[in-house]
Structure formats: structure tokens, C-alpha cells
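Okay, here's what each chain looks like letter by letter:
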Amino acid sequence: MRYLIVAICMLLALPLGAVQPDEVLDDPVLEQRARGLSKGLRCLVCQNESIDESDASLARDLRILLRERLLQGDTDEQAITFIVDRYGEYVLLRPTVTGSNWLLWAAGPLMLCLAGGVGFAYLRGREKASEQSIDALSDVEKSRLAELLNDE
Amino acid sequence: MARSILRTILSRMITELGHFALILAFLIAIVQAVVPLIGAHKQWYGWMAVAEPAAKMQFLFTGFAFAALTYAFVTSDFSLRLVWLNSHSAKPMLYKISGVWGNHEGSMLLWVLILTLFGACAAWFGGNLPPTLRARVLAVQSAVAVAFFAFIIFTSNPFLRLAVPPFDGQDLNPLLQDPGLAFHPPFLYLGYVGLSMAFSFAVAALLEGRVDAAWARWVRPWTLAAWIFLSIGIGLGSWWAYYELGWGGFWFWDPVENASFMPWLLAAALLHSAIVVEKRESLKSWTILLAILAFGFSLIGTFIVRSGLLTSVHAFANDPERGVFILMILGFFTGGALILFAMRASAMEAKGVFGVVSRESALVANNVLLAVACFVVFVGTLWPMFAEMFWDRKLSVGPPFFNMAFTPFMILLGVILPVGSTLAWKRGQIGRAAYQMRFVFALAVALALLVWVMQTGRSLMGPIGLFLGAWIVFGASLDIWMRAQRKWDRLLRLPRADWGKAVAHGGLGVTMFGIAGLMAWQVEDIRIAEVDTPFIVGGFELELKGVDRVQGPNYISTMGRVILRKDGTEIAVLNPEKRNYPVAQMPTTEAAIDYRFLRDVYVVIGDPQEGGGWTLRTYIKPLANWIWAGVLLMALGGFLSLSDRRFRVGAGASKRRTRTVAAE
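Chains as they are written, first to last, in the numbering used here: chain A, -17 to 134; chain B, 27 to 690.
Note that these hints are calculated values from the structure, not bench results. Computed from a prediction, not measured in an experiment: that's the story for all the values here. All C-beta atoms, glycine included, are put in the ideal place defined by N, C-alpha and C. Among the hints, erroneous ones may be present.
Which bits of chain A does chain B cover? Going by a derived footprint, with three or more residues having C-beta under 8 Å, they are [as the list claims (entries may be wrong)]: (1) 49 to 57; (2) 72 to 83; (3) 93 to 104.
Next comes chain B alone, as it looks inside the complex (with noise of 0.2 Å):
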């Protein structure tokens, strides 16, 4: 008895702790935005000193308070409010965990958590940036931090306290129990906030008034970081759509989808934009803008799933007042930022002199066409809203405008990748390189072609998906060998940014192949299946065997066993369930699915009907893996291009770095 009190009290002071510590990283982040600034101003060496040890205490901080939200959690504290109302005794310990950004608030503090560990990081592999550049990059990222936690602390704070504690919590909502949600979020988190230093960066070299090569080399690890984590994070939101919603769709077009999808377009031009900046000394001031309105449409996702202004399965807290906090907050930097721009980039001025055919112009279409993608998404999906403030016109943009307006850029894009990543620097020629990709354009022609006639009648777009796949993945395949200079033993030898980019241009194609292959020769059957009866959907043999009630940790299921054969032999047992969490009174569905290298097979189970049998829904889905697969290939061609030496120049491991080179 004693024993549980004590422990009760060392929870609760844990929790204050927690809270204390938050309002402390919150003054100390006023500190580091104000100081630092004023030094780098005034060539004051003191005051911007400041800047290094606070982005670390602000981390540690914040780090603390996480730490104590997160045990709170675990320890199942009802006491807490935001506890009481989304955790459960019941819940499994993963779902504890992840419970804590599973809601507005915990979510929110995750995601300051990480604004402050990208100033740490920004802080402690900072050495190498020019003092004043430092002081003003860690005094932004500071500023954007004082506004979220203020935003934190006065709107959603998440130590609030209940009264009375209730005897249980109200659970998690199942949706969001499952292993690929549960690291959904702070994948995103770290790709959103990631671009926030791209973000102060930009703006620290606007105050600075210079950008030049070794900016652009400084800034774009931070960029290509964020860009992989935000790669990842969409990659599992939307495997997980794929296989919890019941459907088998991977992507919706819904709001809070298009929020996450627009900084990834962004990143994605600002990572080869700042590459022109770097070794051509170009396109600077596009570079620069480009930084501040990927953070910016960061901060127009943060306000979209949080203002509930769209609806969408995703919105989290429907409170106005939150709203226009973070819609002051992204008015002020985006707008501050590009005031400051409008201001300055006048003196930035290009150096570097190419031809309009060469590798800076197929970077700068590249641009051009990822910028406008990101447009289409934008506009569609504030549409809406728009039609509905000046026009009166209550209407819907759905996935057909999407696909409709979209994919062209997309498919433009793959066309012109192969070719502009193969042409020169500074003066190109355009038949050379299409010379060059004789085999691999006749190779990607003649599969679309074979595959054409044999799918007879379908929609043309299975053929062009796969045409651009094989074109994007034989194209990048060749580039790097030409870079090798088709010698096998110089293949591994170079550079590994030079993998990064194969990698991750192959990876673009594989998701595209992925893609058309998923919408162009999905098979669907719904229909009563009487158990013991066997049918065949697509070429397999589908038998359902039974049906039993499992009991779960905290969920009742029914789940169906469904034996799946190819030519007479028995492949897989399938398990598609419906679940019901009695907590939460929610049902969910559970698809099961057979993964196969080129196809899936996809069966859910429905409702028992009155005469007998189930309802049972069986979907062939050709490639579907591929689709994440290309994505997992995308992030680790980030992941060699990040790790390549040259980079580790702007994190600042100068003296390491000579003695790997004496080494290898």
C-alpha cells in the first residue's frame, strides 16, 4: 500500500517535472531566438555564443518533458487528462507508446521535440559554418520553436490535470493501433520539421545577404534528411491505408494527404536545386524561396489536419482557436521570410554561365515541373474553401481532378528524368544523350508494347506506367554506368552519391511501375461465399473454411479462414478479420493479405448474410509492393547520398574525414 502511494507521488512529480521542464525549454528558446541574433548583428562573439549551449538545453529540455509524457502513458497516469482520453489499462505497450502522439497534443509536443533535436543537431555538427551563420540559423530555428511552444503551452498543453482520475481511460481510437500507424507520425514529423532548417538557413543567409556554394553544401543534408523521413512516413501511411481501410487503396487524395505530399514535392525540387546551387553558383534566389515555402507548406499541412477547416479522416482537433494560432504562426514566418526575401535576393546574383541545353536546364525543368505539381495539389485542395468563401459553391475536388491534373506532371517528369540526368554541365547535347538512351527508350518501348497486346482492351495506362518505369529504372541504371565508365571495378568506387542518385531515380520509376500496374490490373470479386464452396477469382482458387470469434488483448474479433489455391495447390491461409474494440465501440476491418513479388491477393471479410455465407471480397492487386518498394529505394538513395564524404564536410567532421580518406 505504501509502496503504491510513493509510487504514485514519484508519477505525479514526474509529471510536473515534466510540465516544468517544458515551460523552461519555452524561456530558453526566447533566449536563443533573441540573443544570438542581436551578436550576429553587432559581431558580438559573446552573445552568439549563446546560441550553441541553449539549442542543446532546449533539446534536453524538451527531451525531459517527452520522457515524462511518455511515462505517464506507460504507467497508465488517468490522472492526466490527455491520458484518460486516449489510452486504455488494456492497451498493449506499443499502443501506449505511440498513444502518446496519437492526439493533438502529444503530437504536438513530438513535433517540438524534434524542432529543438534539429537546432541540437544543428548546434553540436554546426562547427564548421562561419559563427555569425550559425548564430542566426540556431536563433530562427529557435523563433519557429518559441511559437509552438507557446502555441503548446497556451492552447493544447498536454500535462493538464484531471480532478478526480477515473478508474480506466477511454482508448486509443483502434484505427490508429497498428504497428505501421504507430511510426507513421514521427517519420512525417521528422521530414516536416526537418525542412524547418532548410527553413533557417534561407532566412539566416537573407539576413546574412550571401548565399554561395558552401551554403548550398551546408544546407542540403538537412534537406535530404528531411526529404527521406518524409518519404518514409508517407510510404507507411500509405501501406498502412492499404491494408487496414479494407480496400486496398494506397492513395486518396485527401487533405491531409496532399499536406504531407506537397513539402515531399518541394523537398524533392529543393534537393536538386540546391545541387545547381552548389557546383554551378545558380539559381540561388529560387533556391532560397524554394527552402522557405517547403517549410511553409509544412506549417499549411500542420494548420490543415489541425484546424478541422478541411474536412478529413485525418483531422485531429476541430478547435478554431487552435486554428488561428497556427495560421498567425504560418503567416508570420512565411510571410516574415518572404518579406525579408523580396528585400534581399536582388543581391544574389548567379555566376555560373550554361547553355539552355545542359544539366543546370534539365535541373531547373526538374524544378519547374515539381513546382507546379505541387501547385495543382495546393490549389485542389484548398479548392473547396475557395469556391465556397467567393463563390458560394459548396463542391468537391476529388480523386479523379487529381489524377486528372496531376499525373501529366508526373508523367512529363519521368519522361524527360533519364535523358536531363545523363546530359552534361554547362553545355549539353541534347542528341548525344538521347543518343545514349537508344537501347534503353527501344527496351522500355518494346515491354509497354508486348504488355499492350497482351492485355487486350484495358485502359492504355498500365503500358505508359510501365514505359516510364523501365525507362526512369534502365535509364538510371546506364547513367551510373556511364559514370563508371562501363568498367565493373570502377562501378564501386564511386561516389556514393552517385549510388544515391541511381538508387533513388530507380526507386521513382519502381513506384510508377508499381502504380500503373495497381490501376490498371486490379481484379475485383465481391460476393457470398458459402463456406466449404470453393470459387475462383483471377486465376486462384478461394475456399472459406470457417469462421470463429477470437478474443484479442482488447478487441473481439471474427475471423474468417480462407484457403487460397493456385493450380490445385494450397498456398496460403488467409485470415481477414473484423474487429470490435468494446472500449472505444469502434469496429475495424482487418484485410489479409498474401504479398507476392508480383502480385497481392487481398481478402476481406464483410457481414454474414441471412441465407448462409459471408460476404467476402477478394481483390488481385498486380505490383502493389512495388509501389513501397520504390519509396523504400527513393529514401536509401537518400540515405547513400547523405552519407557521401563530401557531406560530412557540412556536418562538420573536417579532421575524421582526412584520416578515412588516408584510409581507404
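For reference, chain A alone in the conformation it holds in the complex (with noise of 0.2 Å):
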């Protein structure tokens, strides 16, 4: 706990507040793109904030580096990968579906062709079974249940 205190502290006394003034380029459209691109890039001192987002000193020079590489003509791809190459693809903040990555991006639609699989093969079984008598209760339980059922 104090470790974490001491840590946020440390991010949250340097200069305050995400993307400075001074840092915004001149052309909207490198800035948009800058922007959208932060966006992406995590913090790397931070718990789970994006460049963009973070106070932290580290980040506004990665965000300064980012718009040095778009002023130099650098595609988005360009850019991206020039940071990766210093910094690791932990700085992505969507992971790239390369390697063992594809199982979390297919995690989903597998998972969705699984379920629907399953849950359409139930159904199918519940219209071809036919109704059973509710034999399981005792006279009972039966009457009160009805009892409880009745009560609407």
C-alpha cells in the first residue's frame, strides 16, 4: 500500500495534465493523427493509462517523440513500429494479433460459434421432446407449488 502511494505520488507530482499546449503540432490533421495514435500506446510507468491520457513525464516524451516521427514524414505504421522497436510491444495497448495473440482475438468468435453451437443443438431438443408430466413432486410439493405459482 505505501509502495503504491509513494508511486502515484511520484506520477501525479510531475507536471500536471495529459497533452500540454506546448506539444500540440501546428497541422491538424499530423496532430489528429498523433492523437489517434496516443491513443494506442501505453504508459510505461503508469497502472493502465494510455499516453495519451497520463500526467507522467515518461509519457509526454514518448508523445513528443511520436509527433517528431510524424513531422518527419513517418507513416502511422512507421511511427508505431519505431517506438515498439525501443520499447517492446508492451507499449500496445491492442496487442498485435501475431503468434500466440490470435487465441485472444478468436477467444471471442470461437467462444460465440461454441455457445450458439451448444445452446441451438438444446434448443433443437426441447422442440422435439415432448412434454412430461411434472411426476417428480409428491402431491404435496405439487399443491404447493400451485399454490405458489397461482399467486400472480
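Two chains, each in its own frame: build the complex with the hints.
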């Protein structure tokens, strides 16, 4: 707990506020691209923030670095690759679909197919089943159930 | 002098009694977890009867322990280590009280207090349950309590003393000193822990070997209550993040947020599947499984928050020993219940017969989508851990992933909701249901198109969200209108459950509306604002009039005065603040927000600039309030449904009920 507070203090005691006015590029299109890209890059010293939201000075450095790359004519991919080459894929808030990560991206659709399939099979089963008499209950239980259910 | 000594002795005594009460509650819980279970197995009524008084005593003793800890916080008794670490004598009273649960140990005590409260409620209102089921439910509930009592007493005891009491405390984390956050944890815990009731009912039903309509009717109000509290808790947390963290985000897909969101999704699924069990005696084993999983995810949430395994802004205690303990609790209860489920589930066969197109199927689709959405959140949250463990990759999974992978399921859910909720039971006709909805559909499409034309060139998210919101809200209205057979006078006489359904569904639509609006049409402005120099942001004129230093109760504030004008007339004075809490050595930002029905104006003050002027951040946030209004509506819908007459059967007030019927 103490460490956490100390860590937060260190983060927040630095110049406050995410994107600073002096960072903003003059070209609005370029700035727009920079903002979009920086929303997908993680602030390395923060808990779970993008460099676009972070107050940390390291995030500011990264924002400025990103803008420098864009000013030098990098495409979005080139700029991102430049940063990933230096800081590792840890900076990407949106994991790439490479290697084992395809499992992460496919988890939802695969599960949907599986659950949808099982659900549909169940529904087909219910459609074909014949109505059973409720004989698992004793007479006392039946009347109690009826009493409960009829009370609407 | 003598009086103050007396008072000190009294307060020490109360604390010691609290500690003692906690240990007593632990012992009672052990008895309650064992004796009624054996009694139910052997049909010994005397043994089963132990459960009820034990549950009530357990709650009273835990309540006393909690009250004693609260007393120590209120009187700033710094001889308690916990109070010293998390409180300060100059702190406002509200935060002295909320400080009780603003830390790991105290929040665990609150957790177990709520757990015993639910147990006691089941004892108080469970008169209608068959005796063996009641005994088993209370025993399982108590078994969970045993685990958490042990966790508190052996790893996180809030009543530990300091040999030499310091003169003053170290203050509560200033971020937590906020009215929104003061009540966020209690609601969240009421939700998390409320799901333990569903779990206890599920395990008890597995032990009984039978699930029927009556069981579903008993379990549903507890789930509903838990879901309502969870909704309010999540809503409060999200609202707090919006106004406190300084850039107006409302959801960050942070591991701890996800930890509360997963049980919410599953509880929502459980609410719907229990309807099918109740009305149609089908989906029984799935409902049992959901009840187990919903509480399992609550435990996973607890684990995530308290183990420090995943990095998060919320991380409480990063103590591996505690993490292992909770992992053991999680493994024992979820694993045990799942094994029991595997052994017994086949005994629970479905009875109802229905077509593939029917209300039942729509509810199955609802469950599939909610459960898969929950699965996506689960995989995304734990993926960084898996990737590092198995493939040695250090990577992050952040909002861009969740927005892409999770949203489609919600869109799908929103699309089928209005049609599904009006389908007939047993055998419906999709054509008929769709035909009924044609005007609603046309209206929603027209709205979306209108907005799409007006916004030109922005993302499609706004129109899509708007369509979904309108489709759901109008669909819910049409649903209840048809239930009333299109007659005004019948509308008010409908059962409250019908109103609950319409209001809760409408709430979901409103929230989707708000999210879409906020994400698609937000306007942002970052600049150095000179004093007395107006500037324009998105049709509003703002002017910084000055910046003052203001002394608060336990902080110093740098407060800006910003005048907000629309069409030349002043509509608000905003006071964005930067606060510094000297004791905790920590600054916070307090955004100034002009709340309006259709949009918020959100102003944050930054640092003074060398050449004069201040950094000022202004956001126009369209429909922001709608997000939380929708959440409130969902909770309200839940309350309406909970207050429906037929649930009181489950609550056990059968005699009073007959009278109210006559009175109406």
C-alpha cells in the first residue's frame, strides 16, 4: 500500500495534465493522427493509462517523440514500429494478431460459435422433446407449488 | 484529565470487544457451516434448526466488530495500526467513516459483514423454504463466511495495535476522499457478496438433487438485489472516474473495473435464465452453473484486487500471501461447486417443450451473448498474465482491444432485445414480432440517418449507438404498451415486474445512447488561457477570470474562476481545482463540470505558464449524463421487479400478502 501511494505521488507530482498546449502540432491533420496513435500506446510507468491520458513525464516524452516521427514523414505504421522497436510490444494497448495472440482475438468469436452451437442444439432438443408430466413432485409439493405459482 | 483517560480506556475496550466479537462470529460460522449440513443429510430437524439463530448471531457479532472499527476511526484512535495508516484527525467526518472501508483490512470486514447480512436475511425471510433446503443454503453461506473470517483474522486483521500510538495518522488516499467514492465500495460489495446467495442456493439445490420452479422463484430476488447493487456500485465508480480523474473518461477497462463488470454480466444472464426455470422448468443446469460462475467471478474479482497480480489503479494490497489465500478460497468453492455440478447436473432434466423461435430461445440467446461477452472480458483481462507465463511475452491488453472485441456482442444483444422480449412463450412467430416492431424500427433508423447526415464525416459509432438506443427504448415502450393491450388504464395496473422489465431495458438503451454520444461527438480543447481573454469551444465562450488559492479542511486548492457563456449570456461560473493534500503529499484534480441534459461542459485547470496564463483543458461532452441515468434506470427497473407481489412469496411474507391482495 505504501509503495502504491508513493508511486502514485511520484506520478502525479510531475507536471500535471495530459497533452500540454506546447506539444500540440500546428498541422491539425497531423495532430489528429498523433492523438489517435497515442491513444493506443501505453504509458510505461503508469498502471493502466495511454500516453494520451497520462500525466507522467515519460508519457510526455513519448508523445513528443511520436510527433517528431510524424513530422519527419513517418506513416502511422512506421511511427508505431519505431516505438515498439525501442520499448517492446508492451507499449501496445491493442495487442497485435501475431503468434499466440491470435488466441486472444479469436477467443470471443470461437466461444460464440461454440456457445451458439450448444445453445441451438439444446433448443432443437427442446423442440423435439415431448412434454412430460411433472411427476417428480409429491402431491403435497404439487399443491404447494401451485399455491406459489398461482399467486400472480 | 480523568475523563479523557476514562474515554481512552472505554474506546480501547470497545475495540477489544470488537476483535473478540469477530472471533466469536468466526466460531459461530464454523458451527453453522457443519451442523445444519449434517442435519439436512440425516433429516435431524434439531440440527437443521441451528442454522437460523446462528446466522442471525453471526451477523450481530460481525456487525458489532464493524461498529467497533468504525468507532475507532470516528474517534481517531491511532493506537490501531489501521486507523493510523488510513486516517487523520483533521479529515472530514464522512471520510473518517468511509476510511473504514478505504483500505484492505476494513473493506474485507465490510465484505464479510455483508456476507453475514445476506445469511441473516435468508434466515429472517426464508420461512417459506423447505427446511432441508433452508438449512443447506445457510450452511453453504456460512462456509463461505468461514473462509473469509479466517482470511481476515489470520492475514488481514484490522484490530492490530501499535505499541506506541502516534500523535496523528497518515491520512486516507486523497483520491478516495470523495462523496462518490465513499459509497462506491459498499454498493459494489452488496452486489459481489449478494451473488453468494445465488451460489448458496445453487449448491444447496445440487445437494438436494432437485431444481424446480419454486427454487428459481426463491433465488431470483437475491440475484436481482445483487445485480441492482452491483449496477449502482459500478455506476458510482464510473461517475467518480468521470469527474475526478481529470479527462472525463468513464470506463477504462482496467482489470479491477473488469473484475466488477464480469459478475455483473453473469448476474444479468442469471436473472434472465432463472425466468426460464421459473416459467418453463427448462435451462435448469445452465442456471445452476451460472449461479456458481457468477459468484466465482466475484471471488476472482476479489483476488484480482487484492493479490496485486495484475497492475491496476485500484490495487489494494500487494501481498502475495493474501493472494494465495484468496486463490485457495476461490479454488475450493468454485472448484468444489463445479465438481458437485458435474456429479449432479444430469439429474436435472428439462421439462418444458418449446420451439426454436420462442421467448425461451430469445432468453437463451441473451445468455449466450452475455456469457460470451463476459468470457471476452475475462480472457482480455488475464491475457497479459497468460502471455507472460506461457510464451514469455510481456504485452498489454487495453481499451482498444476491449472496444473492438466486446462491443459487437453488446450491439448484437441490443439488436435482438426488442424483438426477443416480445416473442411469445413456447412458440413464437418471428414475422409477427418483427411486424409489430416495424414503426419502432423505422423511427430508430430515421433518427440514426438524420444524425448521420447532420454529423458528416465523423465515425459511424454515433449513428449506430443512437439507432440501438432508440430501438431499445422505443421497443421497451411498445412492449409494455402491448402488455397493457394498448389501453391507458391498464398500463398502471400491470404487474410491477412488467414495469421493471420495461424500465430496465429502457435504461440499457439510454446508457448505449449516452456512450455513443460521448464517444462520437466529444469536443476537446487544450490551450494556454490568458486571464480575461475569452475563447470559443464548440459554440461556448469561456473566459478565465482569475486563479485563487483556497484553504480546504485538509488540503490547499488552486482554484480557477472560469465564466461560461452561450450566445453572449453567462450560463455558469466554473471552478476547476487542483488540490494538494499535504499530509498524504499528493495532488488531485477536481474538474469543474456544468451538467446539462444534452451535454456537459468539463473544464480542468493545469499549471501556470511562464509567459503568463494557465493551461486549461475544455471538453464538451454530449449526452454524458445519459450513461449514468441509464444505469440508474436499470437499477430502478430491478427495484420495481423486486417489489413485485409474486417475489414476496419467496421472501416469506405469505400471510401479509393475502391481506394486501384483498386491500387492492
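Hints violated by the structure (numbers, ascending): Per hint list: single violation, 1.
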